[in-house]
Amino acid sequence: MSSNGKAITNLTWLETATEPKTGNKDHHNSDAILDQAFQELHEYANGKRQIFTVPVSLEHATPALREWLNVLRQVAYGDTISYSDLAVRAGKPKASRSAGSACANNPVPIIYPCHRITRLGGDLGNFGAIRTLSPTDARNLGIKAALIAHEKTSWPSAT
44 MSSNGKAITN
54 LTWLETATEP
64 KTGNKDHHNS
74 DAILDQAFQE
84 LHEYANGKRQ
94 IFTVPVSLEH
104 ATPALREWLN
114 VLRQVAYGDT
124 ISYSDLAVRA
134 GKPKASRSAG
144 SACANNPVPI
154 IYPCHRITRL
164 GGDLGNFGAI
174 RTLSPTDARN
184 LGIKAALIAH
194 EKTSWPSAT
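Quick note, my numbering runs 43 ahead of the 1-based positions in the sequence shown.
Hints may contain errors.
As the list claims (entries may be wrong) - Quick list of the computed label-pair ranges, beta carbon to beta carbon:
1) 81 <-> 137: 25 to 31 angstroms
2) 96 <-> 53: 16 to 22 angstroms
3) 131 <-> 75: 35 to 41 angstroms
4) 47 <-> 82: 14 to 20 angstroms
5) 134 <-> 195: 24 to 30 angstroms
6) 53 <-> 94: 19 to 25 angstroms
7) 163 <-> 110: 17 to 23 angstroms
8) 103 <-> 175: 15 to 21 angstroms
9) 75 <-> 55: 32 to 38 angstroms
10) 49 <-> 110: 20 to 26 angstroms
11) 144 <-> 189: 19 to 25 angstroms
12) 89 <-> 177: 15 to 21 angstroms
13) 93 <-> 163: 23 to 29 angstroms
14) 164 <-> 82: 33 to 39 angstroms
No lab work stands behind these hints: they were computed from the structure.
As the structure is a computational prediction, the values presented were derived from the model and not from experiment.
C-beta: ideal position from N, C-alpha, C; glycine also.
Based on the sequences and whatever the hints tell you, model everything.
What follows is the structure, given as structure tokens:
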């Protein structure tokens, strides 16, 4: 996860877990924004948060991507919609491929919940949580499925 000191700029999963180096003061390169993001992600993982309030910067996103991400952010916790539904919500009903591209280029997954977007009929589609892997890799799709299942079961009001 990255921050510019004022907002989160990037969130990604690592392919393998790594242990921080003890005795190295740089192992926890954090700031107040990162601390808030980690806290909110922890609350999300424990079923105590549906909406993220940590500031997000889309400074490196194109204006078109920002538009898509702002629509994506409105998909409610516990819901899943199709790429075509996302395109309709964006006012671009014939742009389901663009909706998929926006999800693929989302710099802050979970916070901007691209995992809630599936193919028509509910098939998972793609997911790029671990950016060093293909979006069709079973590990990425397993993360997407787990996030969807988590939201369906962790909150009493989730649909």
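Each hint tested on the structure:
1. At about 39 angstroms, the CB distance of residue 81 to residue 137 disagrees with the hint of 25 to 31 angstroms.
2. Roughly 18 angstroms separates the CB atoms of residue 96 and residue 53, a value that falls within the hinted 16 to 22 angstroms.
3. Separated by about 38 angstroms at the C-beta atoms, residue 131 and residue 75 satisfy the suggested range of 35 to 41 angstroms.
4. A hinted range of 14 to 20 angstroms holds for the C-beta pair residue 47 and residue 82, which are about 18 angstroms apart.
5. Between residue 134 and residue 195 the beta carbon distance is about 28 angstroms. The supplied range of 24 to 30 angstroms therefore holds.
6. In this structure the supplied range 19 to 25 angstroms holds for residue 53 paired with residue 94, their Cβ-Cβ distance being about 20 angstroms.
7. Between residue 163 and residue 110, the C-beta spacing of about 22 angstroms keeps the proposed range 17 to 23 angstroms intact.
8. The hinted range of 15 to 21 angstroms is satisfied by residue 103 and residue 175, whose Cβ atoms lie roughly 19 angstroms apart.
9. Judged by the Cβ atoms, the range 32 to 38 angstroms given for residue 75 and residue 55 is violated: they are separated by roughly 21 angstroms.
10. Restraint check, residue 49 to residue 110: a C-beta distance of roughly 22 angstroms satisfies the suggested window 20 to 26 angstroms.
11. Under the hint 19 to 25 angstroms, the C-beta atoms of residue 144 and residue 189, about 24 angstroms apart, fit the expected range.
12. A beta carbon spacing of about 30 angstroms between residue 89 and residue 177 contradicts the range 15 to 21 angstroms that was offered as a hint.
13. Remark: the range hint 23 to 29 angstroms for residue 93 to residue 163 is upheld by a beta-carbon distance near 25 angstroms.
14. Range check, residue 164 to residue 82: about 36 angstroms between beta-carbon atoms, so the 33 to 39 angstroms window is met.
The structure shown violates the earlier hints numbered 1, 9 and 12.
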